[in-house]
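K.L.:
Go ahead and model the full structure; you've got the sequences and the hints to work with.
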Amino acid sequence: MLNRVTVLNTGSTLHTNFGGRGIWRASRLTVVGSLVLLLICATRSSVAQEKSEAAKERPKILMMHPLFVSPGLDSLVIVRGLRMDEITSVQLAGLVPSPEVTIVKKEKSGPPDRVEASVVGDTLTEVRFTLSADFSGSTVPVTVTSEAGTSAAFELLVLGQDQIIAEVEPNDSLRKAQSITAGKLISGQIGQARDVDVYEFNAETGQTVVAEVMAARHGSPLDAQLTLFDPSGQIVTIADDAEKNPDPRLETTLSGSGPWRLVLLDATDRGNSLNSYLLKLTVR
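Using the working numbering, you'd call the opening residue of the sequence shown number 1 and step up by one each time.
Since the hints were derived computationally from the structure, they do not count as laboratory data.
Distance condition first, Cα-Cα at most 27 Å in a straight line; then the derived BS3-like pairs of lysine-lysine:
#1 184 x 244
#2 108 x 60
#3 280 x 244
#4 280 x 184
#5 108 x 56
P.N.:
Structure (structure tokens):
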């Protein structure tokens, strides 16, 4: 009988012989148990591999503050991005000899209000270095390295001090406009919500004015907007994002002479310490 349990006395050894169906059931349980064990092991291995791969992600630079450094001057720069608190060194790629770069601090640093970590990062490293006074390039490639590897290069602007005009507060109304000279770069910041920066320049009828913001393309979270006012205080034109460029560019031929005013603001009314910009004004 298949279900019968037969006890056979074969000399000194006692054997228990299960019927064929019992053997099949036992074998099936063994196979199922083995499959479950393999599945558990595979799952654990997959999770461990995912954790290992996540742990091995290289750091990523998303922005630098300020947006530029100047040759010959001691520069203290905040490098923001992802996994910046894990880095072990910072390199100015391609410079021979390469300036010494000192890491001042590394820390977690959440993004400002209404700004995503994917834009400005959630960690930072503060570094100090000095470019040679005879450095002639317009940018310097910066990379950072951790145990997981080296980041992609981030191009940091290099500008001579004679090219820059610093923003001077208060300049938050047409009556408090800061006087500027065409041909220079204005370095400023929209530091508070609903802040505006107003600049005044002189130009004549028939001249063409070109105003261009450099911010988002260099990592700043600023969503800049430019507005041009004529000498009587009327709006002439407004520029937001340029085609294929997140920063605005304004160009128009002037219909009058006198003091013209440019107003720069954040289109979303955000303001924070990272909302840096460079404003280039050309009159021809």
